[in-house]
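Chains as they are written, first to last, in this note's numbering: chain A, 58 to 347; chain B, 966 to 1288.
Derived from the structure by calculation, the hints contain no laboratory data. Source: prediction; values computed, not measured.
If you want the footprint, here are the derived chain A segments under chain B, 3+ residues with CB under 8 Å: (1) 92 to 101; (2) 318 to 328.
Quick list of the computed label-pair ranges, beta carbon to beta carbon: (3) Leu1087/B / Thr116/A: 32 to 42 Å; (4) Pro1109/B / Val333/A: 30 to 40 Å; (5) Gly82/A / Ala1004/B: 48 to 58 Å; (6) Ala104/A / Leu1044/B: 37 to 47 Å; (7) Thr116/A / Leu1248/B: 42 to 52 Å; (8) Ser1221/B / Ile93/A: 28 to 38 Å.
For the chain B half of the interface with chain A, some residues (derived, Cβ under 8 Å), not all of them: (9) Cys1001; (10) Leu1149; (11) Gly1207.
Just so you know, even glycine gets a beta-carbon here, dropped at the ideal spot from N, CA and C.
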Amino acid sequence: MSLPTARGAALRHVRRRAVNGLMWGWGVVCVLAAVIPLGFVLYYVIAQGASGINLDFFTQLPKPVGEPGGGMANAIVGSLILVGLASLVGLPIGILGGIYLAEFGTNRFAWTVRFFADVLSGVPSIVIGIFIWAMVVVPTHTLSALAGGAALGVMMIPTVVRTTEELVRLVPVSLREASLSLGATHWRTVLKIVLVAAKGGIVTGVLLAVSRIAGEAAPLLLTAGSNQFWSTHINQPMPSLPVQIFTYAIQPYEDWQRQAWAAALVLVSLVFVLSVAARYVTRGRFRMVR
Amino acid sequence: MEAAVDQPRSLKRRGIFAGGFEDRVFKWTTLLFAACVIAIIGSLAYLLVADSWPAIRRFSWGFLSGRTWDPVHDVFGWLPFVYGTVVSSALALLLAVPISLGAAVFLAELAPPWLRSPLSFLVELLAAVPSVVYGIWGIFVLVPVLRPLEIWLGMHLGTVPLFSGAPYGIGMLAAGLILAVMVLPIITAVSRDVLRAVPVSQREAAYALGATRWEAIRGPVFRYARAGVLGAIILGLGRALGETMAVTMVIGNTPSISASVFAPADTMASVLANQFMEATGRLHRAALMEIALLLFLVTIVINAVARLLIWSVARGAQGGVRE
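Let the sequences and hints guide you as you build the complete structure.
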């Protein structure tokens, strides 16, 4: 080991700067590697899907194999109905549960609810599907939109609970104090003041949850099933875009594959619009709070 | 300071007093809905155990050792599915972890501030793409690209068992790649949050001693965030284990165990998607239920561990100053 010399120190300085620069470059490469697949997926979904998008796609029913044309009107409507049913299940539990956690959530029970909500967000969607199959499909003896909505609703809960709790907590104490000092009861303060202030954030949570479930196919295979015609009865099987993409994509008919790409384009657009909207709503929110 | 902390609580108590009965109704209503979360997990666990009971009684957990899955003759060995799930997830993590960590460090520490928000948003969009869309992309874009690559690898490295066998394109490698793309945004986003939670004082101390930015990250920041980053990786693993649609569409759905990454395989989640609705025998369905039960138990453990690790870092940061 030689004594440190001025030249050695300078060299080491250069080396350390070089390593620093190298790592910066590695970071850039990694981010690119993470974002490039997104570009690829989007490129192909748009390139392949655009050719299948036309008025028929949105207004016609699926045609049998061999007959050209047809559309996915029933699946589009079905997806909307399923998301609506899911919201009926998921939003009350999510929002009211979140309010409980934010307002009264200092006890062990609340801790358990939080933990179970986290667990629920990690349960694979196919397992949720099997759960609802055993819970709803078996007793009613039929696949149905109701079961599909229940499965998707259960999947919404964790996101909505968590965002509601966080956003209700962010509401300044002074607002509550003002309301309480005017003689309002606790529940009126929460519903009329706190919830109104936290509205934007809760909407974000709901949009994120909807964008997450709108693309789910696995639980719907076991709960809502699918069919090729109009069905608006919620106690009967109901087609949906994700399930339709799956069934069409794995068939060897070119016409169906083209429609699957078109459906993928519609689905991705929907999900991205929801994500961007969610982000837009929160941005205003956090600027105000922080 | 103390009075300011106390005040809302005393006010709340007075609020409850003023509202009396109505406020109690409000509290119990919200509690009821919160309890639904626990009830859902409870009935989920109960139904899975109850419906897989015939299979548990018949085979206990001896299933795990069987290599043959033959519903027609009531032979249910799970090993191929467990193997497929583990190997495809491991492959995904192997590919995704280095890239995710690099990206997370860049997003949390190195990128110029104006670039952080848009890049983070792109990574979030990657997480928002539905599984089934990754699946269709995998079938029609990824698999055709993989086939020549597998042929080339087979020609040059064919003697290695890992790269032997017929190059179908569809198979374990395709599933691993798709899963890597799908877990990447989760690991990146959570690790980034964990890195951001490291107190700024840790970095400043390193800079004060003359460290470069990378040296500060490699030393104090990583040491502080270690547990949380591990949690992020485990969270990604949990996602990979349970991923269904995309894997089902590219893995080939063949319950066999092969050393080659080119060979078609099957995972626990994809066998559920493929066979559950077609299962007719009582035992077949119970066996599938037991697979679902195992998947559920594994994801609970994985999520609990991951949350605890992430929480240990994020909680420690609360006292510190954030950027």
